[in-house]
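Chains A and B supply the protein sequences, listed in that same order.
Residue numbers for the first sequence, in the working numbering: 15 to 261.
Residue numbers for the second sequence, in the working numbering: 719 to 991.
These aren't lab readings, by the way, just hints derived from the structure by calculation.
Think of the CB as a built atom: it goes at the ideal place given N, C-alpha and C, for glycine as much as any other residue.
Do not rely on the hints blindly, as some may be mistaken.
[To be verified] Ranges of calculated distance between the beta carbons of each label pair, as one might list FRET restraints:
| # | chain 1 | residue 1 | chain 2 | residue 2 | range |
| --- | --- | --- | --- | --- | --- |
| 1 | B | Leu871 | A | Gln232 | 54 to 60 Å |
| 2 | B | Leu739 | A | Lys121 | 30 to 36 Å |
| 3 | B | Leu935 | A | Lys121 | 23 to 29 Å |
| 4 | A | Ala43 | B | Leu871 | 52 to 58 Å |
| 5 | B | Leu935 | A | Gln232 | 52 to 58 Å |
| 6 | B | Ala977 | A | Asp184 | 36 to 42 Å |
| 7 | A | Thr230 | B | Leu941 | 48 to 54 Å |
| 8 | A | Thr123 | B | Ile964 | 20 to 26 Å |
| 9 | B | Gly891 | A | Lys134 | 53 to 59 Å |
| 10 | B | Asn810 | A | Ser41 | 54 to 60 Å |
[Unchecked claim] Derived lysine-lysine pairs resembling PhoX-like cross-links, with alpha carbons at most 25 Å apart:
| # | chain 1 | residue 1 | chain 2 | residue 2 |
| --- | --- | --- | --- | --- |
| 11 | B | Lys808 | A | Lys143 |
| 12 | B | Lys936 | A | Lys94 |
| 13 | B | Lys888 | A | Lys82 |
| 14 | B | Lys937 | A | Lys121 |
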Amino acid sequence: MENKILEVKNLFVDYGKYNILKNINFSMAYGDYIGILGPNGAGKSTLIKALLNLVESSGYINFDIDKKEVGYLPQLQENKNKLFPATVGEIVATGLVGKKKFPKFIKNTDKVEVLSVLKKLGIEDLYNKRIGDISGGQTQRVLLCRALVAKPKLLILDEPTSALDPQVRDSFYKLLKELNEKENLSIIFISHDIATIGRYASKMLYLDKELVFFGTNQEFCDSKKMTEYFGHVSQHQICWRHGHEHN
Amino acid sequence: MNIINQVLEAFSQVFIQKALLSGIFIAVSASILGVFLVLKNMSLIGDGLAHVSFAAIAIGLLFSNEPLTFAIPLVILASFLVLKLKESAKINEDSTIGMLSSFSMAVGIIIASVAKGFNVDLFSYLFGSILFITNSELIISILVSISIIVVVLIFYEDLFAVSFDENFAKVNGINVKRIDYLLSLLTSITIILGIRIVGTLLISSLIVFPSITALQLKKGFKLTLLYSALFSVLSLILGIIFSYIINIPSGASIVVANACFMLITMFLGKLKA
Numbered sequence: 015m016e017n018k019i020l021e022v023k024n025l026f027v028d029y030g031k032y033n034i035l036k037n038i039n040f041s042m043a044y045g046d047y048i049g050i051l052g053p054n055g056a057g058k059s060t061l062i063k064a065l066l067n068l069v070e071s072s073g074y075i076n077f078d079i080d081k082k083e084v085g086y087l088p089q090l091q092e093n094k095n096k097l098f099p100a101t102v103g104e105i106v107a108t109g110l111v112g113k114k115k116f117p118k119f120i121k122n123t124d125k126v127e128v129l130s131v132l133k134k135l136g137i138e139d140l141y142n143k144r145i146g147d148i149s150g151g152q153t154q155r156v157l158l159c160r161a162l163v164a165k166p167k168l169l170i171l172d173e174p175t176s177a178l179d180p181q182v183r184d185s186f187y188k189l190l191k192e193l194n195e196k197e198n199l200s201i202i203f204i205s206h207d208i209a210t211i212g213r214y215a216s217k218m219l220y221l222d223k224e225l226v227f228f229g230t231n232q233e234f235c236d237s238k239k240m241t242e243y244f245g246h247v248s249q250h251q252i253c254w255r256h257g258h259e260h261n
Numbered sequence: 719m720n721i722i723n724q725v726l727e728a729f730s731q732v733f734i735q736k737a738l739l740s741g742i743f744i745a746v747s748a749s750i751l752g753v754f755l756v757l758k759n760m761s762l763i764g765d766g767l768a769h770v771s772f773a774a775i776a777i778g779l780l781f782s783n784e785p786l787t788f789a790i791p792l793v794i795l796a797s798f799l800v801l802k803l804k805e806s807a808k809i810n811e812d813s814t815i816g817m818l819s820s821f822s823m824a825v826g827i828i829i830a831s832v833a834k835g836f837n838v839d840l841f842s843y844l845f846g847s848i849l850f851i852t853n854s855e856l857i858i859s860i861l862v863s864i865s866i867i868v869v870v871l872i873f874y875e876d877l878f879a880v881s882f883d884e885n886f887a888k889v890n891g892i893n894v895k896r897i898d899y900l901l902s903l904l905t906s907i908t909i910i911l912g913i914r915i916v917g918t919l920l921i922s923s924l925i926v927f928p929s930i931t932a933l934q935l936k937k938g939f940k941l942t943l944l945y946s947a948l949f950s951v952l953s954l955i956l957g958i959i960f961s962y963i964i965n966i967p968s969g970a971s972i973v974v975a976n977a978c979f980m981l982i983t984m985f986l987g988k989l990k991a
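Isolated chain B, as found in the complex:
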């Protein structure tokens, strides 16, 4: 019974409640976008933009107390840069993201070492600190996540058509470029929000893991989106509660929960086949 008491105790803590509330919304928007990104072979972009956001947050910390707000336009610009380079076909997307990642990390590290004062702060952005989320951050993450989900729903048919077959979508009169930019924009914003939960180093897991897990179930598209969101939310809740009970970092614990679901569904899928 001890464990149940501990779980109940965890749920009764206000900081856990706030973490769960904001986390669930972000987890849903990240996992839904993740399905589109994974199917478009763009899952790496999450990782790349997370690295960019590290530099952006470092720069933001120099100038303000709200580094995340400061980081949003920079990360959006970086995501558009990746698309632009892909369009010009001069450098392929993988390489662009690889270079952008390490370059941004380097910039972030230099800024951090020059401005010694905020090393601790920066550390919390690397690994996330959802348990210390403020009220204003809570409200922002809920509102922004809801907007992202609404935009995805409005453009659902376009996003789906483009993910399945870009050329057909283009011939069919869908503005594929605009949809790509929209997806990048939404991803950039989601990543910035997600940094609060799992940190820049782990954020891409919120995008990739739930989608891969949902894909193992071999369902239609709408159900895949639904399952992706479901696994993401479950992992978040389990991760946060476990991190409270056995006193481990919550971001890492959420990622491990995600990985467990992925392995289980993969294993069950193999059994079925």
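Only chain A is shown next, with the shape it has when bound in the complex:
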């Protein structure tokens, strides 16, 4: 049996008397890149919040790694970032705080780590810039650095590209794919951008309050159930069967 980094069984999330998520079951192998898809209100964000223990849930969630080896990139809060008085260096360093023991101080060796992750993502010149003075695409890279600086084994991203323009979005996707392939970083990526995520993720998880589909991209494209769900034309687009002709 392959080694699982994450296993989820019978996961339920309720809000009052409403079911947000019903009986979710899936598991993830080391190195998997799972794209979570689904319509608005399908519970995508709730699912990862449940995984990260940010909302209450019932059921079985097991990480094979330490919780502190999970990196998280939340949805962009543009308004808050614009006004917040902090430099890129200060913000990325917060990614290291969780692993520290009391009293927690950022040392010079931490700064070296912050700089090296910024360099890896090609934004080391932003170190002293204020978070409010950089673009949305740069902010997203900074927050990715914050998630990566503690060297996570699993990275969870909540619609990180929704505020980005298409070019920046593409380079963001490519960057993640590189991390996934070169460093065997496992990734869970929420997206409403089905066509793009389909090109990069290795597995697709389609959610609509319950788990509608979970499998590899090939299985997704071959699935009759998904064809019925999306209609023939859309599924073709998602699976890029003739996508290259358009590019």
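Please build the complex by placing chain B on the supplied structure of chain A, with the hints as guidance.
Relative to chain A, chain B alone:
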């Protein structure tokens, strides 16, 4: 030259020196906590807890001569109550603080009217009386302020991470709840200390104004904390000296000085942009 003489005269007065000394320490701790509170959208809590402290001081005056000491545990409890209600998500924080404020004011007023004897005392807590600070109060406010600043420095990274992004901090393994309670605890103590300077009605200005002023400068986080403390101390010194020279209440004069700095930095910020 007249004005310089008056300023020098003010500095030479022992009661002014004591006021400045205790005031500077309290101003620094209030303004530093203020940055965290403002960024966490919790600046109203200062105002709310100040109202609670009015009732607490009224109750304290019934039983002792040291009403501030008596008020500290009550105000801390009230601040924890606000957090508890926020956690349960049944009532939002604004409403909780609004209700708690007016309820405490009402309790304070009833006690004051029933126990007619200490109306004058209570009045001095409403508007502050830093010029009449006693030696023991001076020492207490310096020691407590220093402790608050030290605690903030020790927990600086946690406080910063939680202020910037609570969810990320939580995922990252920071005990966000504990940091929230710590911040509330420190704020409660600072407010009680600050009541001596500007009074319950004006104390939230020591928390909010310097932080907003510092935010206008658009610096990194550490510099913002530093500037917040700096503006707070400057406002305090200017406020006290002016209140001496033109004979106006010192608490109000400190608040006006704070407001002036805020307006100036805001205006300069607009010019730059």
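May I ask you to test the hint 54 to 60 Å on the CB atoms belonging to Asn810 (chain B) and Ser41 (chain A)?
About 39 Å separates the Cβ atoms of Asn810 (chain B) and Ser41 (chain A), which means 54 to 60 Å is violated.
Does the structure keep Lys936 (chain B) and Lys94 (chain A) at a Cα separation of 25 Å or less?
Holds, at roughly 14 Å.
Cβ separation of Thr123 (chain A) and Ile964 (chain B), checked against the hinted range 20 to 26 Å:
violated (55 Å)
Between Thr230 (chain A) and Leu941 (chain B), does the beta-carbon spacing fit 48 to 54 Å?
This hint holds: roughly 50 Å between Cβ atoms.
Leu871 (chain B) and Ala43 (chain A) - C-beta distance against the hinted 52 to 58 Å:
violated (44 Å)
Using the C-beta atoms of Gly891 (chain B) and Lys134 (chain A), is the stated range 53 to 59 Å upheld?
With Cβ atoms ~23 Å apart, the hint is violated.
Do the beta carbons of Leu739 (chain B) and Lys121 (chain A) sit within 30 to 36 Å of each other?
holds (35 Å)
Hint says 36 to 42 Å; check whether the CB-CB distance for Ala977 (chain B) and Asp184 (chain A) agrees.
This hint is violated: roughly 49 Å between Cβ atoms.
Honestly, do Leu935 (chain B) and Lys121 (chain A) meet the 23 to 29 Å range at C-beta?
holds (27 Å)
C-beta pair Leu935 (chain B), Gln232 (chain A): status relative to the range 52 to 58 Å that was hinted
holds (55 Å)
Does Lys143 (chain A) sit within 25 Å of Lys808 (chain B), going by the straight-line distance between their CA atoms?
violated (40 Å)
Below or equal to 25 Å on CA atoms is what counts here, so check Lys937 (chain B) against Lys121 (chain A).
holds (21 Å)
The structure fails hints 4, 6, 8, 9, 10, 11 (numbered hints given earlier, in ascending order).
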